[in-house]
Amino acid sequence: AAGVIQSPRHLIKEKRETATLKCYPIPRHDTVYWYQQGPGQDPQFLISFYEKMQSDKGSIPDRFSAQQFSDYHSELNMSSLELGDSALYFCASSIGQGPPDTQYFGPGTRLTVL
Amino acid sequence: DAKTTQPPSMDCAEGRAANLPCNHSTISGNEYVYWYRQIHSQGPQYIIHGLKNNETNEMASLIITEDRKSSTLILPHATLRDTAVYYCIVRAKYSGGGADGLTFGKGTHLIIQP
Chain A
1050 AAGVIQSPRH LIKEKRETAT LKCYPIPRHD TVYWYQQGPG QDPQFLISFY EKMQSDKGSI
1110 PDRFSAQQFS DYHSELNMSS LELGDSALYF CASSIGQGPP DTQYFGPGTR LTVL
Chain B
33 DAKTTQPPSM DCAEGRAANL PCNHSTISGN EYVYWYRQIH SQGPQYIIHG LKNNETNEMA
93 SLIITEDRKS STLILPHATL RDTAVYYCIV RAKYSGGGAD GLTFGKGTHL IIQP
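In order, the protein sequence lines correspond to chains A and B. No gaps in the numbering here: position 95 of the first sequence is 1144 in the numbering used here, and each next residue is one more. No gaps in the numbering here: position 65 of the second sequence is 97 in the numbering used here, and each next residue is one more.
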């Protein structure tokens, strides 16, 4: 079965640079979620989109922005990168906006900020 | 969403059933119990969810007490590949508003011993 695709899988950036992460949801899924997982931490919800509109917001820094495009893929843009942004970034997708839906996660993008 | 409490770690012998408890004593009637697991640095993997009744799928069984204040995830024949952090998450049924992200607690680190 098709899964969530994330690219790139690994990304190395310098401080103050910009990074863009991409997420391709499972076909026919209309909702996308972004999560951040720092070293030794549990995943934290950042932001979600439903039908190309921002749906809910978690602990996303102001330096980060995201959008969902007409083909339902989503991009997370991170500017003025800081060392603390080094983390795994997961994207998840689902049909609909909440339970009893199921969120399916991608393999993640590992961002390293030097 | 109601909070959950899980033991930080558990061991189980390979081939035996792994029983992972979760306490959610403040759960309300419209809240589902979801279980996810995360194998080291991989994307969280959906296991199962339920509202009131016990549920079973190809991966696991979910037993919810009659008062719904606790539940148990059962992996019937644990293998080494089941070593992971298991998260019990309570989520309210969608009734409008945004697509809520999952709130991951500390979870249970299940170690399957050979």
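For the record, the hints were derived by calculation from the structure and aren't laboratory data. A couple of the hints might just be wrong.
Cut-off 30 Å, straight-line C-alpha distance, at most; resulting in silico cross-link-like pairs (DSSO-like, lysine-lysine) [to be verified]:
hint: 1; chain 1: A; residue 1: Lys1106; chain 2: B; residue 2: Lys138
hint: 2; chain 1: B; residue 1: Lys138; chain 2: B; residue 2: Lys101
hint: 3; chain 1: B; residue 1: Lys125; chain 2: A; residue 2: Lys1064
hint: 4; chain 1: B; residue 1: Lys125; chain 2: B; residue 2: Lys101
hint: 5; chain 1: A; residue 1: Lys1071; chain 2: B; residue 2: Lys101
hint: 6; chain 1: B; residue 1: Lys138; chain 2: A; residue 2: Lys1071
hint: 7; chain 1: A; residue 1: Lys1106; chain 2: B; residue 2: Lys101
hint: 8; chain 1: B; residue 1: Lys84; chain 2: A; residue 2: Lys1071
hint: 9; chain 1: A; residue 1: Lys1101; chain 2: B; residue 2: Lys101
hint: 10; chain 1: B; residue 1: Lys35; chain 2: A; residue 2: Lys1064
I'd like to know which numbered hints this structure contradicts. Please list them from smallest to largest.
3, 5, 8, 9, 10
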